[in-house]
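Can you build the whole structure from these sequences, using the hints too?
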Amino acid sequence: MTVLNQLNHELIQLVGFHSAQPRTVTLAAKGKIEVILDFTSVDTMSCSFQEIRVNVPALTQATFDKLKEWGQKLCQRITYLLENIGPLEYDEDAAQVLIRSTPPDQKPTGTRFYEVILSSHANGNFSLKRFESQKGQTGRTQVDLQVTHEVLKKLVEDLVDTVP
Numbered sequence: 001m002t003v004l005n006q007l008n009h010e011l012i013q014l015v016g017f018h019s020a021q022p023r024t025v026t027l028a029a030k031g032k033i034e035v036i037l038d039f040t041s042v043d044t045m046s047c048s049f050q051e052i053r054v055n056v057p058a059l060t061q062a063t064f065d066k067l068k069e070w071g072q073k074l075c076q077r078i079t080y081l082l083e084n085i086g087p088l089e090y091d092e093d094a095a096q097v098l099i100r101s102t103p104p105d106q107k108p109t110g111t112r113f114y115e116v117i118l119s120s121h122a123n124g125n126f127s128l129k130r131f132e133s134q135k136g137q138t139g140r141t142q143v144d145l146q147v148t149h150e151v152l153k154k155l156v157e158d159l160v161d162t163v164p
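The opening residue of the sequence shown carries number 1 in UniProt numbering; numbering runs sequentially from there.
This list has only true hints and no planted wrong ones.
Pairwise CB distance ranges (calculated): (1) S46 with T109: 18 to 28 Å; (2) D43 with Y90: 36 to 46 Å; (3) T44 with H121: 30 to 40 Å; (4) D43 with T63: 41 to 51 Å.
No lab work stands behind these hints, which were simulated from the structure alone.
Ideal Cβ positions, reconstructed from N, Cα and C, are used throughout, including at glycine.
Okay, here's the thing in structure tokens:
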């Protein structure tokens, strides 16, 4: 069963789910890649999730150039979220690439942005989260990502297809 078929099946099973405690779903993709989603709400057209992670064992201890290549491919391909994403920081010593919304969503009350971390440690990881910062307050708070089923399917497909 393809990763998109698995995702379709899970979305159908989860319709009506809504909880502060996320339901974690793991999808198996080609090349031993795992896509992990932490759903907080699913209806017939859309869903909310705390995070999407991709584990790519083939990228464990990958060269830093491979991570940069993956980050660049992701930024070029994922153009349909609320904000565009672009590389913010390349940390060769930590073997990580940090990608964020460029520019973030600016509101009078604060800022919202996507954050992607690519790492060659611990199974070659990808993590996508969304954060919010309130004007006049320090720090940031993680918020759910909200997308239609169609956007989620495209996102999962693009994440798997861009793996170097």
